[in-house]
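> Heads up: the protein sequence lines correspond to chains E and H, in order.
For the record, in the first sequence the residue sitting at position 30 is 30 according to our numbering, with numbers rising by one throughout.
For the record, in the second sequence the residue sitting at position 32 is 32 according to our numbering, with numbers rising by one throughout.
I should point out that these hints are in silico values taken from the structure, not numbers from a laboratory.
Every residue gets a Cβ at the ideal spot worked out from N, C-alpha and C, and that includes glycine.
Hints are not guaranteed to be accurate.
[As the list claims (entries may be wrong)] Facing chain E, according to a computed beta carbon distance under 8 Å, are these residues of chain H, among others:
#, residue
1, E39
2, F41
3, I169
Here is how the chains run, residue by residue.
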Amino acid sequence: MWTCKRVAKSLAETHYKGLPGRKRLGLKAHMALCLVCSRYHKDAMLMQDCAKALAEREQAGNCQLPARLPEDAKERMKRQLRDVD
Amino acid sequence: METKSPNPELWVDEYGDYLYRYAVHRLRDPIVAEDAVQETFLAGIKGLDGYNGQVDVRFWLRGILRNKIIDHFRKSARETPLEDVEEYEMPDTFLMKYSGIPTRTPLPWKFDPRKSFEDVEFWKIFESCTAKLPERLRQAFTLKELEGVSSQETCEVLGISPNNLWVMIHRSRKHLKQCLEKNWGELNR
């Protein structure tokens with residue numbers, strides 16, 4: 001039987017989707033019985049999903065920040081790369 | 001599949017903006033981000049012999065930049081006075097400390113963020129909410145939740161205990177929830 005502490009630690013250490021099947025089942029069973037844990041850990045899982053989706057968007061180059069490397073920095077970097085080359 | 005780029009000078013034009021956006025988002029300081037990108041290109045050119053062409057050059061360079069960002073967090077943690085870390089000790093309640101049960105039940109969400117994942121505006125709000133996190137919390141959230149760094153390594157990089165990390169992650173999620181509820185949930189109910 002999963003205790004509240006075990007559920008909390010598992011979700012603090014690992015993304016819930018990364019938990020092995022048996023552990024995810026244990027987690028779900030615990031949350032079905034424990035109302036406080038259920039809401040607390042639903043928050044955790046929701047935030048994990050948000051963070052994962054954001055990381056995937058970033059990887060695909062879909063950051064919302066309009067940041068562009070300044071042109072002078074680009075020129076400086078090119079010069080440095082030429083020197084190393 | 002992309003082959004090894006024969007001319008690293010092209011990297012700046014091809015990948016500069018992509019890497020810079022990623023660095024600014026992680027480091028929140030344009031000057032530090034610029035330095036990190038520059039170091040990444042230099043490390044890339046020096047390590048070009050180790051690049052086997054199995055991943056896109058962009059992602060290979062991003063991997064190098066990721067390590068530079070982790071190094072920056074490590075250095076910044078070393079310079080942070082210990083008192084700031086002690087603030088993130090485990091809440092001193094019996095239930096939380098010994099059973100992991102929070103003493104107050106979190107309020108239900110006023111909206112389901114998963115339903116907003118396709119909305120560009122939602123991600124603008126989410127990114128601005130992560131930027132507003134206190135620096136130490138932001139670093140813990142970035143390493144653990146965005147970069148998927150293991151708990152053990154996150155603790156080592158930030159110079160904190162597993163209990164510190166647990167509480168920092170909990171608090172960062174709480175801050176983000178409040179920020180999203182206020183800036184997105186109330187406008188999109």
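> Now tell me if each hint is right for this structure.
We went through each hint and held it up to the structure:
no. : hint : verdict
1   : E39  : 10 Å, violated
2   : F41  : 6 Å, holds
3   : I169 : 6 Å, holds
Consistency note: the structure conflicts with earlier hint 1 alone.
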